Amino acid sequence: MSLPRVVISGMGFVTSIGNSKGAVLESLTSLKTGIESIDFIPGTKLPVSVAGTIKGFDTQSMSWAGWTWPEGYSFSRDILRNMPPHGLYALCATEQMVADSKLSSEQLSSDETALFCSSAGSPKLLAHYLHQIVDSKGQRVPPAGVVSTIAGTLNFHLAAHYHIHGSVVGFSSACASTTQALGYGFDEIRLGRHKRVIVVGGEEVGLEATYTFHGMRALSRQSDPLKASRPFDKQRDGFVGTGGSVALVIEERESALKRGAPIYAEIVGWGQAGDGHNPAISDPEGNGLATAMKRAFKHAQLEASVIDYVNAHATSTPAGDASEAHALKRIFADCGLAPKISSTKALTGHGLSMSGAMETAFCALSLKEGFVPGSAHITELDPVCNGLNIIQKTEKYTPRYILKNSSGFGGSNVSLILRSIAH
Amino acid sequence: MITPEEAHKNIKESLVGFPKEVTEAYLVFASKADMESLDKVVTGILQFYLAKAPKSALSEMPGTTRLREDLGMDSLTMMDTVFLVEGLFSIKLEDDELVKLSTLDDLRQLIHSRFPSLSKSK
Numbered sequence: 216m217s218l219p220r221v222v223i224s225g226m227g228f229v230t231s232i233g234n235s236k237g238a239v240l241e242s243l244t245s246l247k248t249g250i251e252s253i254d255f256i257p258g259t260k261l262p263v264s265v266a267g268t269i270k271g272f273d274t275q276s277m278s279w280a281g282w283t284w285p286e287g288y289s290f291s292r293d294i295l296r297n298m299p300p301h302g303l304y305a306l307c308a309t310e311q312m313v314a315d316s317k318l319s320s321e322q323l324s325s326d327e328t329a330l331f332c333s334s335a336g337s338p339k340l341l342a343h344y345l346h347q348i349v350d351s352k353g354q355r356v357p358p359a360g361v362v363s364t365i366a367g368t369l370n371f372h373l374a375a376h377y378h379i380h381g382s383v384v385g386f387s388s389a390c391a392s393t394t395q396a397l398g399y400g401f402d403e404i405r406l407g408r409h410k411r412v413i414v415v416g417g418e419e420v421g422l423e424a425t426y427t428f429h430g431m432r433a434l435s436r437q438s439d440p441l442k443a444s445r446p447f448d449k450q451r452d453g454f455v456g457t458g459g460s461v462a463l464v465i466e467e468r469e470s471a472l473k474r475g476a477p478i479y480a481e482i483v484g485w486g487q488a489g490d491g492h493n494p495a496i497s498d499p500e501g502n503g504l505a506t507a508m509k510r511a512f513k514h515a516q517l518e519a520s521v522i523d524y525v526n527a528h529a530t531s532t533p534a535g536d537a538s539e540a541h542a543l544k545r546i547f548a549d550c551g552l553a554p555k556i557s558s559t560k561a562l563t564g565h566g567l568s569m570s571g572a573m574e575t576a577f578c579a580l581s582l583k584e585g586f587v588p589g590s591a592h593i594t595e596l597d598p599v600c601n602g603l604n605i606i607q608k609t610e611k612y613t614p615r616y617i618l619k620n621s622s623g624f625g626g627s628n629v630s631l632i633l634r635s636i637a638h
Numbered sequence: 020m021i022t023p024e025e026a027h028k029n030i031k032e033s034l035v036g037f038p039k040e041v042t043e044a045y046l047v048f049a050s051k052a053d054m055e056s057l058d059k060v061v062t063g064i065l066q067f068y069l070a071k072a073p074k075s076a077l078s079e080m081p082g083t084t085r086l087r088e089d090l091g092m093d094s095l096t097m098m099d100t101v102f103l104v105e106g107l108f109s110i111k112l113e114d115d116e117l118v119k120l121s122t123l124d125d126l127r128q129l130i131h132s133r134f135p136s137l138s139k140s141k
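Protein chains in written order, with the working numbering: chain Z, 216 to 638; chain C, 20 to 141.
Read the hints as simulated data drawn from the structure, not as lab findings. As the structure is a computational prediction, the values presented were derived from the model and not from experiment. Treat each hint with caution, since some may be false.
Calculated Cβ distances over 12 Å to all of chain Z for the following chain C residues [to be verified]:
#: 1; residue: V47
#: 2; residue: K71
#: 3; residue: E79
#: 4; residue: S94
#: 5; residue: T100
#: 6; residue: D115
#: 7; residue: V118
Only pairs whose alpha carbons sit at most 27 Å apart, straight line, appear in this in silico DSSO-like list of lysine-lysine [unchecked claim]:
#: 8; chain 1: Z; residue 1: K442; chain 2: Z; residue 2: K544
#: 9; chain 1: Z; residue 1: K352; chain 2: C; residue 2: K31
#: 10; chain 1: Z; residue 1: K352; chain 2: C; residue 2: K74
#: 11; chain 1: C; residue 1: K31; chain 2: Z; residue 2: K270
#: 12; chain 1: C; residue 1: K119; chain 2: Z; residue 2: K352
Part of the chain C face toward chain Z, derived, beta carbon under 7 Å [what the hints assert, rightly or not]:
#: 13; residue: V35
#: 14; residue: A70
#: 15; residue: D93
#: 16; residue: M98
#: 17; residue: L112
Idealized CB from N, CA, C, for every residue including glycine.
Take these sequences, add in the hints, and give me the full structure.
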């Protein structure tokens with residue numbers, strides 16, 4: 216019996232570079248950045264002053280009742296009332312995905328549909344609620360203080376709203392989380408446990424969720440939005456935070472075809488490996504990521520030579536990008552291979568746990584629409600990248616296979632291989 | 020009792036997005052300390068928090084309307100309402116009092132009990 220083929224059959228976006236598939240596609244092809252100046256603490260000059268902001272939403276209020284969102288969505292109070300701000304982004308992205316994939320409410324709530332989510336929770340609401348508890352000396356404890364702030368908040372809310380009866384799982388491997396979720400979702404479908412898996416990543420952007428990374432000097436101190444996030448550039452000095460949400464559905468190819476859903480790409484294998492090195496810093500030699508890529512090729516029964524494009528994890532930190540460059544050289548350049556490589560985080564900023572889902576969706580668009588996004592904002596390529604084919608402009612070109620890398624705190628490295636449906 | 024200044028501050032911090040009737044009643048209560056406005060605020064908050072909007076305004080429903088069976092109030096809705104009412108009126112409602120609440124009138128009477136001087140001012 217042959218194993219089911221797994222395809223990406225729907226997607227939705229609330230990102231710094233667009234709140235719809237069309238807007239994201241336009242930004243990727245024209246290399247339009249979503250990064251802009253931001254006052255993390257209004258009226259205070261801080262060393263970090265840029266972020267990949269979300270446009271068209273106002274989620275500044277601590278209460279859902281004060282939020283606004285773009286036209287075209289209708290939500291009842293029972294779903295919004297205990298949600299964190301980025302839950303609203305996730306809801307909008309998932310609504311887009313459901314419409315795009317033509318999934319019915321019966322299909323969503325059948326026991327053949329699973330939901331895998333990831334987010335860092337809501338540091339903003341958590342800080343607010345903790346202040347209330349401490350200021351009242353423990354007398355005033357917000358009722359939704361737990362479900363709206365902890366890391367599983369997106370799966371809690373989305374599972375209830377869409378009446379999910381398949382597996383409901385949260386992933387907590389930092390910036391590798393949603394790529395891992397796609398990998399494990401792929402396994403679930405291959406093993407016949409589910410027909411489809413919805414993968415949603417979502418993050419806040421702001422003082423509590425973003426600026427806190429400045430403590431470890433992980434954020435860029437550049438004030439120019441066009442220079443702050445520049446993966447693989449010699450002068451890169453840290454990442455630029457972003458938030459939003461991206462929702463994808465992966466499913467059995469036959470199921471998607473039967474429904475008439477759009478098929479963007481096929482997932483053909485994945486691999487992962489740990490660095491075993493440091494809680495927050497990548498292995499300088501990129502050993503874990505190199506192993507993850509090798510395992511992905513072995514899983515997919517493919518050689519590295521089939522890869523036409525690599526969407527790198529590269530966040531624009533000095534150490535992380537160098538580590539990935541070493542790993543990529545070992546897999547490709549040292550074997551005489553030169554696939555096109557870019558990091559779309561130059562445009563979006565780094566979306567932490569949602570970055571894997573976001574960039575996998577970009578890869579799927581690349582395969583479907585026939586383009587490869589450039590690695591923007593590079594003025595002088597870091598010599599550590601010598602031998603790598605890092606493209607700086609978007610190219611009109613249809614890859615056959617794409618490799619998507621993600622790495623997270625704790626040395627979690629994940630590589631996912633996508634194939635063009637035209638192949 | 021809350022002052023009009025405190026009321027304006029609380030509206031800005033805690034009643035963002037609430038219907039105008041609720042914020043207006045809260046401001047009236049801050050200046051007149053009347054029971055009618057107090058009831059309007061409490062039922063208005065509960066109505067706003069109910070997962071499914073009631074068929075008519077809670078203020079127009081009989082006092083015997085049951086919170087759980089008729090209005091579908093769950094424990095989170097109850098605690099959201101209590102949390103906000105406690106903050107807006109600087110009162111404290113005890114857990115063993117809350118578990119005894121069954122109807123709209125029960126809820127109103129419990130809140131009234133925290134304002135004994137208002138009992139005959141309606």
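Quick rundown of the hints versus the structure:
1. V47: holds (21 Å)
2. K71: Incorrect as stated: the minimum Cβ-Cβ distance to chain Z is 7 Å, not above 12 Å.
3. E79: The assertion about E79 of chain C holds, with a minimum of 20 Å to chain Z.
4. S94: The claim is violated: S94 of chain C sits with its nearest Cβ about 8 Å from chain Z, within 12 Å.
5. T100: Non-interface label fails for T100 of chain C: nearest chain Z Cβ at 9 Å, not farther than 12 Å.
6. D115: holds (16 Å)
7. V118: Given that every Cβ of chain Z is farther than 12 Å from that of V118 of chain C, nearest at about 15 Å, it holds.
8. Z:K442 - Z:K544: Answer holds: K442 of chain Z to K544 of chain Z is near 25 Å, not above 27 Å.
9. Z:K352 - C:K31: holds (23 Å)
10. Z:K352 - C:K74: violated (39 Å)
11. C:K31 - Z:K270: holds (24 Å)
12. C:K119 - Z:K352: Satisfied, since the Cα-Cα distance of roughly 26 Å is no more than 27 Å.
13. V35: holds (3 Å)
14. A70: Check passed: Cβ of A70 of chain C comes within 3 Å of chain Z, closer than 7 Å.
15. D93: violated (9 Å)
16. M98: Holds, because the Cβ-Cβ distance from M98 of chain C to chain Z comes to roughly 4 Å (cut-off 7 Å).
17. L112: Cβ of L112 of chain C sits 11 Å from chain Z, so the hint is violated.
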